[in-house]
Amino acid sequence: MIFLLLLFLVFSTFASAQPLPTPPEELASFSGVVSPPSLPEDTQNTPIIINLATEQGELEQSHVLITLQGATNKTTLIYLDKGSTLTLELPKGSWNITLRIDMLGTEGKDYYFTGTIDTNRYETFTAPLLPVGSARGVVRTNDGKVITDTTVTANCGPPYGDQKPTRTNTYGTFRFDWLPVGTCTFSSRSDGHVGYTTARINQGTTSELIITLTEPVAHTRSNWVFWALAGLILMVLLFYYLSSPSSKHNKSERGQEARKDDNTNTSSHAASPEQDGTSTPAKSSAPAKRLSQRTRDILHTLTPNEQRVATFLLENPGAYQNKIVHATSIPKTTLLRILTSLERKNIISIKKEGKIKRIRLTPWFLGEKQE
Numbered sequence: 001m002i003f004l005l006l007l008f009l010v011f012s013t014f015a016s017a018q019p020l021p022t023p024p025e026e027l028a029s030f031s032g033v034v035s036p037p038s039l040p041e042d043t044q045n046t047p048i049i050i051n052l053a054t055e056q057g058e059l060e061q062s063h064v065l066i067t068l069q070g071a072t073n074k075t076t077l078i079y080l081d082k083g084s085t086l087t088l089e090l091p092k093g094s095w096n097i098t099l100r101i102d103m104l105g106t107e108g109k110d111y112y113f114t115g116t117i118d119t120n121r122y123e124t125f126t127a128p129l130l131p132v133g134s135a136r137g138v139v140r141t142n143d144g145k146v147i148t149d150t151t152v153t154a155n156c157g158p159p160y161g162d163q164k165p166t167r168t169n170t171y172g173t174f175r176f177d178w179l180p181v182g183t184c185t186f187s188s189r190s191d192g193h194v195g196y197t198t199a200r201i202n203q204g205t206t207s208e209l210i211i212t213l214t215e216p217v218a219h220t221r222s223n224w225v226f227w228a229l230a231g232l233i234l235m236v237l238l239f240y241y242l243s244s245p246s247s248k249h250n251k252s253e254r255g256q257e258a259r260k261d262d263n264t265n266t267s268s269h270a271a272s273p274e275q276d277g278t279s280t281p282a283k284s285s286a287p288a289k290r291l292s293q294r295t296r297d298i299l300h301t302l303t304p305n306e307q308r309v310a311t312f313l314l315e316n317p318g319a320y321q322n323k324i325v326h327a328t329s330i331p332k333t334t335l336l337r338i339l340t341s342l343e344r345k346n347i348i349s350i351k352k353e354g355k356i357k358r359i360r361l362t363p364w365f366l367g368e369k370q371e
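Take the sequence shown: its position 218, counted from the start at 1, is 218 in the working numbering, and no numbers get skipped.
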């Protein structure tokens, strides 16, 4: 046993005397001095001194609610025991700032300011505080029933403060905290009825209001009457269009075109062309007559409107001018130019009978022998 213990001691002494192995090649680079990691960029805030400018001088025992909008949005409440300056720690940049000041010694709110601070350019900033007051009230019907969850709007003359619409709570009451000093009009609406009231807003006070909904909303009925009248007008216009002469003329014109096609087919299937160039006089109640070669040739040389007038006179010989206007829907001034042109071409003759004019096709156009 003693022999084994001596052997173990000799072996331990030999192992401890061996040198440490050489560090591997890839670890050689770590034998130098290691640099510490770099510090992040300076992100310290910039101190901004805000001077609170009021006509009364220093503020006393006031709560200052500060709202900042920029890279981030921030809201904080500061108690100012006495003084006219505030110091804020802000990151560099441009900030929209709103100050709401409530002096504890008054019943309502007292001051309001909104503006922009650029911490890259200024270290001090003056905020001219504007006077504000408060209002609270109830919305109810004429019989005293309160109206819950309805919108109340405030319309004040000076364009500052917080005049956003609010809503009544479960008791029918509402409140505006930051209204500009002056006269404001308050209104509300529910179930087709509307109510108004006005109040004078004084700095640091709370005005009591009652909005009674009594007047019906007039424009609701006006809209109904408007749409009813619009529908009635459309019906009248539609009836007038369907019964107008132009609509009837379209049907008459389609019938005339069909009769004209029949006339053309009848003339193309006739036995032989006239040798003497004469034809039977036209009668409106008789079947369509055959047109002479001269008449067909001349019709091809006329303008479309002249053809319409000549075709109508072929079917209605000796028609009056007003009948032509009614049947062809050609404006009177345009028809006068057409008749003058046809008369100059010796296609029609115009005979005045009192205050009206009778229009006839000339025998020359009809291919009739003249006596």
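Please note that a few of the clues may not be correct.
Claimed, not checked - Straight-line C-alpha distance at most 30 Å; calculated BS3-like pairs for lysine-lysine: (1) Lys164 with Lys145; (2) Lys351 with Lys332; (3) Lys345 with Lys357; (4) Lys355 with Lys345; (5) Lys332 with Lys345; (6) Lys332 with Lys355; (7) Lys164 with Lys74; (8) Lys323 with Lys351; (9) Lys332 with Lys352; (10) Lys323 with Lys357; (11) Lys323 with Lys352; (12) Lys74 with Lys92; (13) Lys323 with Lys345; (14) Lys357 with Lys332; (15) Lys92 with Lys82; (16) Lys323 with Lys355.
Hints in this document: simulated from the structure, not taken from any laboratory. Computed from a prediction, not measured in an experiment: that's the story for all the values here.
message: Hint by hint, where does the structure go against what was stated? Just the numbers, ascending.
response: none
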